[in-house]
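Participant: These are the residues of each chain, in order.
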Amino acid sequence: MAETASKIRGKIRQKKREATGRGRRPKTPRPRIGVFVCQCGGQVSSIVDVNELTNYAKTLPNVVYAEQMNFPCSRLGQEEIVNAIKKNKLERVVVAGCSPRLYEPTFQRCVSQAELNPWLFEMANIREFASYCHQANPKQATEKAKDTVRMAVAKAKLLEPLSPIELPMTKKVMVIGGGIAGINAALDLADMGFKVYVVEKTESIGGYMALLDKTFPTLDCSICIEGPKMVDVGRHPNIEIISYADVLKVDGHVGSFKVKIRKNPRYVIAANCTGCGECRDACPIEYPNYADMYLGVRKAISPPFGQAVPLTHTINREYCIECFKCVDACGAREAINFDQKPEEIDLEVGAIIVSIGYSMYNPSDLEWTGYGKYDNVFTALEFERLILAAGPTGGKVVRASDGQKPHSVAFIQCVGSRDINRYEHCSSFCCMYTLKHAVMLKEKYRDDIEVYVFYNDMRSNFKGYEEFYNRAQKSGVKFLRVKLENRKILEDPQTKSLTVSGETEDGKPVTAHADMVVLANAAIPQQTATELAKILKIPLTPEGFFVECQPKIRPTDTDVPGIFLAGACQGLKDIPYSVAQGSAAAAQAAAVLSKNVWTVEPLVAQVNEEMCSGCRVCESVCGYNAIAVENRGDKALARVKEGLCRGCGICSSACPMDAISMPNYSDRHIIAQVKAVMGRGDKT
Amino acid sequence: MPLKTVKKDTAEKLTLEWVLHVKNYKLSLDRNRCVGCQICSLACPKEAIKVEKQPKSNGEKTRKPKVDIDLAKCNFCGICDILCPYGAVKVTLDNEHSLPIIEKKCFPKPLRDIQVNPDKFPADQNEIEEACPLHLIRVLAPVSERTESKATVEVEKEYCPCCRVCEIKLPLGAMQVRKFIYGKIAIHQEKCPDGCTDCLDVCPITGALFLQDKDKKVAVNDTFCVYCGACRVVCPVEGALELERTRIIHEPIRSGAWNKTLERLTSPVGIAKELKNKGSLKARESVKKRVGLKGG
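If you read the sequences in order, they're chains R and H. In terms of the working numbering, the first sequence is residues 1 to 684. In terms of the working numbering, the second sequence is residues 685 to 980.
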């Protein structure tokens, strides 16, 4: 065995020598290197002795120029670097300063201004690696900074010029989720002339906003302002709605995402259905309607609500008894097809916007609320459907126990949210919608109703919201501030009325009698987010919201180029902010789609085809599906998909034949750095 | 938010409920009337109903099979209510017994043809009431020789499986009953285990099954059998009891759901026959309409 293994190793070495065309080690190049040490506004210079470091850099092999600067990232600083490169005929540039994550592109542009290939630049991070973490030992920090610079110089010596890779751009975009954020993103992009596919999981676009009665703080009718936008989406020549569909698979990369979608069968042919509703009238079967929060029913063939877009009806086969009365009612239109099968659709898009929204927490596991046990305890969304004129009760607020109008209603804030045992986050819009409900009740029934709000903090922190809070107070709503702990709801088994109790901050009991209780239950991440995150390979927070690239300055980008976020799936937000973020994501996507080619950094894996044995180890380790073995001629060879490769290098280290290398991060570069830090670098 | 549902199961009654804010759907199964036959479980389009044989304890009579309904599958359509021969199931909407599938003519009711002729009733009140094995006949006022008035009799038709026992037991012409389920039943006595009377124990119709004197084996009287299949459920030997429904008399309503139900209750042959009949009827009618021919 040992013999065989050593023989194989020998063969590999032999092959490698043949492939590189050289018998011995390649000769070490001797380029002219310049080092620029950044003080970083004192963040580096207060700990690391930058004078000593600059002088030390000058002594390093091949370094012909070194200087210290205060802000090399500023415009003036960059000009200084450009001049120094030209004056000293520098061939490689090292900047010792902050992390390359934010400023590497800046310096690469700077280097290319001096007509040097931008990949002949190297950054030594002496801020995070030296000054930040060794503040107590300035001396040792300086020594470490020296090591870091020495390594960077050793690597810079071996850097090779690279050129960026260009990928084709498909001028189409997919919006996943047709809520108010997705609707705005889709309309903006379509108006800019891009083809938009809106993929919606449910039967109709519109999201939660389509189910609401009024919107705060103006008390506009929700569907009256969203409905026209929904219709616009349906009619726009550049938009195709793919509703009642699931995203199964997304491959590819920015510019060319290959998407597989499953369109679930409605058993109604969308092209033939006019939405007339004759089938619905003929249908004998009703089932609880989710869009009514199960307070009301819908027919086994029906749209979820009257303003649905598309209005194509859907047969729920779980409830349908197949009497085929709908087929008779539809008649010559022949829109009903009981043999419809799920349909798979393949799309190619250049960019993706994720706007899948949120879902609502079911508070029946919070025992103190009595939700699910007491008849007259509702969630906010149930109450919304009660007070809605087009809702199951025709807008009459009535109790479940006896169908009577309540004379007192208590709203309870923060149910499940701001609770470290359930959901730690604040649901952000409950304070406002509770104010909305309270004001609506007061303005509808005036003195005939007593409204209590049990709150802990009233968060009315955007335009016009505080004014709305004042309106609620003036209208006679009673606000009771209680702690989030020790709240309780008890039911009188005879009258089915409820007693709500809590404690003030200083421990005094507060109670109110109410005929009906409405819980502001937590808004929580969409259930499908976990699955979609896996499909799109974008990260989620531990709670389940999508993670933006940078929370302050890139709130709509994800870590994956070409995938953007909009609306509550990124973090809970109300309608105006979801709309704004939808448009923001559209603008971001348009910036990508408007390019004719997409350029990527050339730091992607390269396969030496002479040495590749097609063993597929690389394929199995790659986390991005960026490398695959293909048959080429009579040989199976690994091929890198440049748009997908993130340059992580895992394939390179896993390759048993040593056939994969990372440009400017090859073994040579890394070994040179290791030797430099171990003090065994060549002293040439 | 989840749908509020209720399921209550007692020895007397099984109740399923959808408690919606604006509507209430309720299904109740009267366990006293239920005989544990096959009809509802076969008819249910959602396969929500299970009929289970009860374990037999030594020396006791075989208990009737127990019906259980899966709340998650039930859609409160009411087909079980319509077809139950014994009227044991009631589906109500807002506590009213009016089924949308009947009102919208989406499912036909079986036709119970029961004619009562008070002229012919005997004087003995007990004789009249005892004539029904299910005690559905009640005498409100007996025959009075003094006033020469006829008997006033009430028959709870909705619970009547139309077994025809009363027709035979009472004087000729007092009751006239037509079956609404037709079929075939046969017991292959050579396969029956010795002393087994399971089918007889559960049969709700006195006289439909009986014990033969000579070998103590159960035999069939086809005249009274209503083909509900309770016996079929409890029979311990494969193939000993053969039961097949061939026809169900119903209102003339076209319905896909009915066709499927009929196929499950009878056989593909049964449904083919019915469709052929309907088809030729329809063809005949359309020919009549067009050509103006009279007769068939």
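By construction, these hints were calculated from the structure, which means they are not laboratory data. Among these hints, one or two may not hold up.
No more than 25 angstroms apart at the CA atoms, straight line, and that leaves these computed lysine-lysine pairs for BS3-like [said to hold, decoys possible]:
no., chain 1, residue 1, chain 2, residue 2
1, R, K195, R, K144
2, R, K144, R, K201
3, H, K692, R, K405
4, H, K757, R, K373
5, H, K944, H, K973
6, H, K966, R, K341
7, H, K793, H, K966
8, R, K396, H, K707
9, H, K757, R, K201
Since we're looking at a predicted model, the values are computed, not measured.
Participant: Next step is simple, just say for each hint if it's right about the structure.
Facilitator: Each hint, compared with the structure:
1. K195/R to K144/R: violated, 54 angstroms
2. K144/R to K201/R: The given pair, whose Cα atoms are some 54 angstroms apart, is violated under the 25 angstroms limit.
3. K692/H to K405/R: violated, 29 angstroms
4. K757/H to K373/R: holds, 23 angstroms
5. K944/H to K973/H: Not satisfied, since the Cα-Cα distance of roughly 30 angstroms exceeds 25 angstroms.
6. K966/H to K341/R: With Cα atoms ~33 angstroms apart, K966/H and K341/R exceed 25 angstroms; violated.
7. K793/H to K966/H: Status holds; Cα separation ~20 angstroms.
8. K396/R to K707/H: holds, 14 angstroms
9. K757/H to K201/R: holds, 23 angstroms
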